[in-house]
Amino acid sequence: MNRILNEIKEIIKQNLNKYLPEVKPIDLEENGTVYYMNGKNGTEFDWYVNEHLPSFMVFYSDKQNLGAVKLSIYTDGGLELYIYGDKGNKVIKVVKNSIEVTENELFNLAVILKSETDDKRVWDASIDIINTDVDIDDEKITKFQESEKYFEPTKNRMKLLNQMSYLSRKILEEGWKVGYMCRDEAMNENDSGWSFMAGNEDDKYINDYKNIALVSLYEVYQLDPDIWNYIDNPVGTKFIRVSSNEFEIDKNDKEIYMEKRKV
2 MNRILNEIKE
12 IIKQNLNKYL
22 PEVKPIDLEE
32 NGTVYYMNGK
42 NGTEFDWYVN
52 EHLPSFMVFY
62 SDKQNLGAVK
72 LSIYTDGGLE
82 LYIYGDKGNK
92 VIKVVKNSIE
102 VTENELFNLA
112 VILKSETDDK
122 RVWDASIDII
132 NTDVDIDDEK
142 ITKFQESEKY
152 FEPTKNRMKL
162 LNQMSYLSRK
172 ILEEGWKVGY
182 MCRDEAMNEN
192 DSGWSFMAGN
202 EDDKYINDYK
212 NIALVSLYEV
222 YQLDPDIWNY
232 IDNPVGTKFI
242 RVSSNEFEID
252 KNDKEIYMEK
262 RKV
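Letter by letter, the sequence shown follows residues 2 to 264 of the numbering used here.
These are computed hints drawn from the structure, not numbers from a lab.
What you are looking at is a predicted structure, and each value in this text was computed from that prediction instead of being measured.
Idealized CB from N, CA, C, for every residue including glycine.
Worth double-checking, as some hints may not be accurate.
Claimed, not checked - Distance condition first, Cα-Cα at most 27 Å in a straight line; then the derived DSSO-like pairs of lysine-lysine: (1) Lys-121 <-> Lys-91; (2) Lys-41 <-> Lys-263; (3) Lys-255 <-> Lys-171; (4) Lys-141 <-> Lys-14; (5) Lys-171 <-> Lys-252.
What the hints assert, rightly or not - What follows is a set of in silico ranges between Cβ atoms, one per label pair, in the way DEER data are often shown: (6) Val-102 <-> Trp-229: 17 to 23 Å; (7) Glu-31 <-> Arg-170: 18 to 24 Å; (8) Lys-144 <-> Lys-19: 24 to 30 Å; (9) Gly-176 <-> Phe-108: 43 to 49 Å; (10) Pro-26 <-> Met-2: 41 to 47 Å.
Based on the provided sequences and hints, a complete structural model is requested.
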């Protein structure tokens, strides 16, 4: 087995023993088997968008089958472990650490894992059955590297989610979907420049600061995921909703499609 995967297994085992001493191997799925959780996004997505490999997990062996340990290893060798007690219902410890590894070593492991799992449609498998003792050729490396460009829009949008925006309280409190969105120059590095309105506000409403909330783009996205495909557009962009889940550039020739969120 690959050296890095062996270290991951050992680190998970040590932290299980340290923080969950009452949990025995029999309480865990396949006696504590470590699974490579590539089934949600795939290896390339997590590598280029989240800057880590898909998570490695150990699960409790019961009806709920919740996680006992979740480990992420980042492209710089940093580790982040979540330890879950109460049969997986409660985070009891977050451990941050690192291992001695070069980015090239990790990258080569990512290529191997993609080749031996994603490409073979093997999802969320035990790392014990993944064949990592294989050579990777230039073609596989190049193909993996070329995939980065396809994830750039998603990566840019995810970075934006931490930035701030203005949101009408008709969306926040009255349940309307975003009907109008425009992006102005950012005020500072934490500002996305985006403003979101329902579309039924008049000037008096908008000019009263009490009606406009300052929230993160992530909060807006949680309320209305339809904005996702549009938030990486440049300053000066204005969109209106034209259907239940679509926006178009505002050319002042269409009415805003108004709709409330489903409860």
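Structure-based check of all given hints:
Taking the CA atoms of Lys-121 and Lys-91, the gap is about 34 Å. The hint is violated against a cut of 27 Å. Of the pairs offered as hints, the one joining Lys-41 and Lys-263 holds, with about 26 Å between alpha carbons and a cut-off of 27 Å not exceeded. Between Lys-255 and Lys-171 the CA atoms are separated by roughly 21 Å; this keeps the pair inside 27 Å, and the hint holds. Proximity of Lys-141 to Lys-14 is assessed by CA-CA distance (about 32 Å); at most 27 Å being required, the pair is judged violated.
Our distance criterion of 27 Å between C-alpha atoms is met by Lys-171 and Lys-252, whose separation comes to about 23 Å. Roughly 34 Å separates the CB atoms of Val-102 and Trp-229, a value that falls outside the hinted 17 to 23 Å. Taking 18 to 24 Å as the suggested C-beta distance range, the pair Glu-31 and Arg-170 does not conform, at roughly 50 Å. For Lys-144 paired with Lys-19, a C-beta distance near 40 Å fails the hint of 24 to 30 Å.
Between Gly-176 and Phe-108 the C-beta distance comes to about 46 Å, which sits within the given range of 43 to 49 Å. For Pro-26 paired with Met-2, a C-beta distance near 19 Å fails the hint of 41 to 47 Å.
Hint violations for this structure: numbers 1, 4, 6, 7, 8, 10, all remaining hints satisfied.
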